[in-house]
Amino acid sequence: MNEQKQLPNDKKELLEGRNYEMYNLDVIRKVFPRIIAEIQANHGRNQRKFQSRDLIALYFYLLSYVDGNYLRKDGTQNERFGAAFPSVARIKSALGIDEKRIPKLVGILVANGLISETRDHWDGTRRAKWYFVSFCPRITDDGYLVSENGEIIEPNFSDYGV
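Take the sequence shown: its position 123, counting from 1, is numbered 123 in my numbering, and each next residue is one higher.
Honestly, the hints are just simulated from the structure, not real lab data. Please read these numbers as outputs of a predicted model, since none were measured by experiment. Worth double-checking, as some hints may not be accurate.
[What the hints assert, rightly or not] Below are the SDA-like pairs computed for lysine to any residue, each with C-alpha atoms no more than 20 Å apart in a straight line:
1) K30 with F157
2) K100 with V110
3) K11 with I28
4) K104 with S87
[As the list claims (entries may be wrong)] Estimated spans, in silico, between C-beta atoms of each pair:
5) G75 with L25: 35 to 45 Å
6) R29 with N156: 20 to 30 Å
7) R101 with K12: 22 to 32 Å
8) A57 with L15: 44 to 54 Å
9) H43 with K12: 35 to 45 Å
10) Y70 with N42: 34 to 44 Å
11) D74 with H121: 15 to 25 Å
12) K12 with E79: 34 to 44 Å
13) R138 with L14: 38 to 48 Å
14) K92 with K12: 18 to 28 Å
Don't be surprised by glycine CBs; every beta carbon is placed ideally from N, CA and C.
Please build the complete structure, drawing on both the sequences and the hints.
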């Protein structure tokens, strides 16, 4: 007897479609709360607090633009496979984050392993930034990512620049 698992709301329709992506639920449940708590605890009592909630929007925005095509249409390997590459202007327009804050937010994501690498790419005289976003397969109970080598990624608060 082969019963199909019941899915909530319209998840079945989404999974049958082509415009969806999976993410590790512990990123939202454990990683971001830890990062935000660290930023708040170390920020002090300044008048203007760092808007750490923008980290979440930026991470998921970049995750939604990851190029998942391993090969190009001509059959050659796609060098930007696994990278997201929206421009700073596009990120600013979509998320309402000031462009001066984006590099700092990216730095925090990198320090915590949520972005594994950033790379400048030049196409003639046009520069693009490629963000290699982690899907975070391994997360500790206290909200730290675990690297491919099995090492816990524990950033220093000084890595945050806030």
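Hints, verified against the model:
Annotation: proposed proximity of K30 to F157 holds, straight-line Cα distance about 17 Å (limit 20 Å). Taking the CA atoms of K100 and V110, the gap is near 17 Å; set against the 20 Å cutoff, the hint holds. For the hint pairing K11 with I28, the CA-to-CA distance comes to about 19 Å; that is within 20 Å, so the pair holds. For a cut-off of 20 Å, the pair hint linking K104 to S87 stands: about 15 Å separates their Cα positions.
The supplied range of 35 to 45 Å is met by G75 and L25, whose beta-carbon atoms lie about 36 Å from each other. At about 24 Å, the beta-carbon gap between R29 and N156 stays in the expected band of 20 to 30 Å. A C-beta distance of roughly 38 Å is found between R101 and K12, which places it outside the suggested range of 22 to 32 Å. In this structure, A57 and L15 break the distance hint of 44 to 54 Å, their C-beta atoms being roughly 24 Å apart.
A C-beta distance of roughly 43 Å is found between H43 and K12, which places it inside the suggested range of 35 to 45 Å. The hinted window of 34 to 44 Å between Y70 and N42 holds, with their beta carbons roughly 40 Å apart. For the hinted restraint 15 to 25 Å between D74 and H121, the CB-CB distance of approximately 19 Å keeps it satisfied. At about 36 Å, the CB distance of K12 to E79 agrees with the hint of 34 to 44 Å.
Range check, R138 to L14: Cβ separation about 25 Å, and the 38 to 48 Å hint is violated. For K92 and K12, the Cβ-Cβ distance of about 35 Å falls outside the hinted range of 18 to 28 Å, so the restraint is violated.
Of the numbered hints stated above, those contradicted by the structure are hints 7, 8, 13, 14, listed in ascending order.
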